[in-house]
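**Student:** Chain by chain, the residues:
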Amino acid sequence: MSKQFFIVVILWIVLTAAGEALVIALTPFLLPSRAALEGQIVDDAFRTLMMLAVPVLAFVVAMLIYSVLRFRRRGEPTQDGPAMRSHGPFIAGWMLVSTALTIVMIVHPGITGMNALRAQAGKDVDLVVQVEGSRWNWKITYPQHKVISRTELVLPVDGHIRFEVSSTDVLHAFWIPSFRMKIDAVPGMMTTIYATPSKTGSFSSDHKIRLQCAEACGILHDKMMVPVRVLEQKEFETWLSQQVKVD
Amino acid sequence: MAALTGIIKGLIFALIGFIFGGGIGFLLINAAGRSGTNEPVIALGYLFALIGWLFGAGLWDAWGREWVGLPARKLEVNGWKRYFRFCTNHKVIGVQYLVTFVFLFLFAGLLAMLMRTELIAPGQTIMGPNTYNTTMSLHGIIMIAVAVATIMGAFANFFLPILIGAEDVAFPRVNALSFWLLPPVVILLLLTPLFGGFDTGWTAYPPLSVINATGSLFFLMAFITFGISSILGGLNFITTVITQRASGMTWGRLPIFAWGIFTASMISLTATSFVAVGLIQVVLDRVAGTSFFNASQGGNPLLYEHIFWFYSHPAVYIMILPGFGIILEVITHFSRKPLFAYKWVVGSFFFIVFLGFIVWAHHLNTSGMSDYLYIPFMVTTELISIPTGVVFLSALGTMWLGRLWLRPPMLFALGYLFNFLIGGVTGIFNADVPTDIHLHDTYFIVAHFHYTMMGGVIFALMAGIYYWFPKLTGRMYNETLAKVHFWWMFIMFNVTFIPMFWLGINGMNRRVFDYPEALGGVNMFVSIAAFLLGASFLVFLTNMVYSWLRGPVAEANPWRARTLEWQISSPPPEENFPEPPQVVGDPYGYGIPGSVHAVLNPAGSALNTGGG
Amino acid sequence: MKSDQRSLMRLGLWVFVALMVVEILEYIVGVGLKRGAWPFLVILAVPGAGLIIYYFMHISQLWRREE
Amino acid sequence: MALAKEIHGAYSRLHTNRLGLWLFFLSELFIFAALISSRFYLQGFYRPAELNQLLGLVISVILVLSSLTAYRAEIASAHGDQRRFRLNILFTISLGLIFLIGVVIEWREGFHFFPPSTGFGTLFFTMTGVHAFHVLTGIIALTILYFLGRSGRFTSGSYWGVEGVVKYWHFVDVAWVLIYPTLYLVS
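Residue numbers (the working numbering), protein chains in the order written: chain A, 1 to 247; chain B, 1001 to 1612; chain C, 2001 to 2067; chain D, 3001 to 3187.
A couple of the hints might just be wrong.
[As the list claims (entries may be wrong)] Each pair of labels, with its calculated beta carbon distance range: (1) I13/A <-> L1110/B: 41 to 49 Å; (2) I13/A <-> I1491/B: 21 to 29 Å; (3) R118/A <-> G1123/B: 48 to 56 Å; (4) R3083/D <-> G1079/B: 47 to 55 Å; (5) G1079/B <-> I3101/D: 33 to 41 Å.
[What the hints assert, rightly or not] Coverage of chain C stretches by chain D, computed from C-beta distances (three or more under 8 Å per stretch; other residues unrestricted): (6) 2004-2017; (7) 2028-2039.
Since the hints were derived computationally from the structure, they do not count as laboratory data. Model, not experiment: these values are computed from the prediction. Where is the CB? At the ideal position from N, CA and C, for every residue including glycine.
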């Protein structure tokens, strides 16, 4: 290894260390509040990818910084650089590392994350909530309890919930940012998504606890939102009993 | 007036065509007993108006007359007037493309400024939601067109034939045709606000795009027309590279920019006709009452998403591959070293084309498609980081131990590397299904693709403009202004888009007119940064206009680069090369004593080219 | 007619006959089978298209540069 | 030098034109590929019992026959046999027109049994419509070719116009060979 490349490696290590420290320090501020178990899987994947991205970023930036500082010429260069078209070990190393990194990313957090989500989805369902989007409102039905709500989505904490999402007119998307869960509402189709709220909370204290349409659907797309309220099981049952029953 | 006769004739023919086609549409509506819709009139009227426009603008004189046994008329006029005519010279068409699209770029940039003004604070600021949606959609589609067609249309047209030692492209008349298809596109897009606008964004997902205002039909027809232009361009460049190379210009000596155009053309030739079908299906659903996307009649909106992204993901590489070509070209000449790992780069371009066709469904990660599709598409998508990495390998390897000359093109190329790196790394978060479930359709995506499109393609475009400006115009730009432009644009670009990643993760979905109050502060910051970013283009525009008119006369080869375009005068002579050049060596033979790329005057004295 | 023209014309006729066989077989398979016809149809249609592309459209002109 | 360039140019012009045309076909192929994929995506292997199978077979045969006459026209033109060339072009045009009449008959039946607003009708009318549009443009091109040929435009050494249009006509046939089973015969 040439001396120059050695300096780059030192620079890379320094940058990587700084970057990883920054990721660890900043992740709590970067990732929003989380209110569902499934969100943990997403956040873990996010963090892993950040950790993996840092060394890649750091290497390219280290090479760029070093090259620009070391090899730049003031004014027009009077000579050509060495006629180096290829460098076997460097290319081989690059291809090996980039392929290996890609495979790592595919396996973890890609496939492992998918499997975790699927395993989570496969658990016994405590509550089914049907969510139907129409321009520009959501109709929320609790078929087991024969309750319909149009103004808010109320959920019990720790209950495993299946959302059955559909649409009457155009594409919409069901998204609760603090749950990290999203699925499109497609006319003529029922899509499902699962979530297990992990703590109580409501839209009034945190805007990320909202059911937001996330697929452009026309004029009031951004207003196609209902507040979400996650209650204790008891309170949820009380809420249900206060609602008008429909058949 | 003589300059405009073609355009005026085209407009008159278009009007006649519209009346004819619209009349047929009107009769069809009556025959089918469908009242209450005028869209068949518009659609058929436009079809014939388009044909009328093309024939009037020059297709008939330059080409159509031959079909009925008459000799074609020469439409060439000299001087500046030729830029307004149906001119088949590839250099004229290149300039036509460049000027048209730089103006479109600035126009769509102004639309972005309007959007950021609206988003500067929660609630309504300057416009209503429908106006906002139309502004947003227009910004989107015009910028997509800019990204697809500026490098391909302008630089590939002007420089590809010269780079390979040809006199012109393979089909000059098709080339002119593909440019003259663009004015109707622009007119249609500018007309959309008068017909209710369109609120679907540039993706035009049905059923929304089937049931919304007539503006959407205008948008769809504009997109299809643009697609035809793009197909013809791709066809032309592939044929040009295969058949028009100068003798001695073997595949292994092809400049990397030519490879970028060649591979990108493979995509625009094929994938574009695929998406045209998807768009036509939406038009048919609107105009003819078919049920492609009407779920109650057996249609399925997911079909459109599949067809659309089968084009639109590869389309990203139509934009990126020429950009790769430009920056690698610039980096090798400004590092004064041979292009590092040339064969690996060419291979990775082809690999990108191949992979580009089998990754589309990662745009459907939250669409509700079949569960078994997620992992295969995640795998193919993430594999793309390998060939993309090769481009970085080549760029870094070329700079290593080089003699770096930090002129404006080189600065933009370096800026490109940094921005595209961020764009690429954040792309992984979108390819990965677990994270994408959260990030899909949020400002994270907006930030990501602006890093690849603006930070990538537009920086490459700027690198290209500053690199080739002396050759295009024969004049030199102001170096200081160019450097001011770079640093201003580079810094404000990053300041604008980095916070958008945070916005997306924290619950701001895209294509919204309004957002939760809590996100107000960051949005105001982004808006102000965006205004400053927009202002950097005033520097650019000043520099371009002033330098084109008054700049110092440029020498033939201000960069002492080795490729063919720098071996002829600035601007190039009408026929490019007085004698067909004889290519005898590598275009990137820097640092090799006595290395020669091409002999320009094989018969006469040995007027060798080459750096040293 | 010159002899090479005649032989080319005859070649065209044979290709046509082959195409007819393909079409009719396709028809029999398609109308006859209630389900599962598609593999047979692929086996028939793709070579059918290939015959036209090879013999009628002379695709080999693209890589045979002499003439 | 200039002469050598010109000869080389004339030769490579033909090669260039051919390559361009084939690339155009490749692009067009993606149009039909998109339509065929749509058919399977939306309707699977479904086909209505009312589909007029016999008519479908008849127009397929007619189109293949027209390919033969087009082929014969090209061969004749290549050998300077202008009389046969014109005759075969006329045959081809007539067969193309008969094909279109067949499509019109089919459409009339189709409007009755599966109108374009239904699931299968959507695909049926779009696919046959897109194809019939190609046939129509082909017929227009062949007609132009006929009149150009009559005015003595083509010789045995220079007949790119004939070659190009005939290739296009064959391509329309290829498209039908692929569409016909996907629309009529799968089950």
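**Student:** Does each hint fit the structure? Answer for all of them.
**Tutor:** Hints, verified against the model:
no.	hint	in the structure
1	I13/A <-> L1110/B: 41 to 49 Å	holds (45 Å)
2	I13/A <-> I1491/B: 21 to 29 Å	holds (27 Å)
3	R118/A <-> G1123/B: 48 to 56 Å	violated (41 Å)
4	R3083/D <-> G1079/B: 47 to 55 Å	holds (51 Å)
5	G1079/B <-> I3101/D: 33 to 41 Å	violated (54 Å)
6	2004-2017	holds (count 8)
7	2028-2039	holds (count 9)
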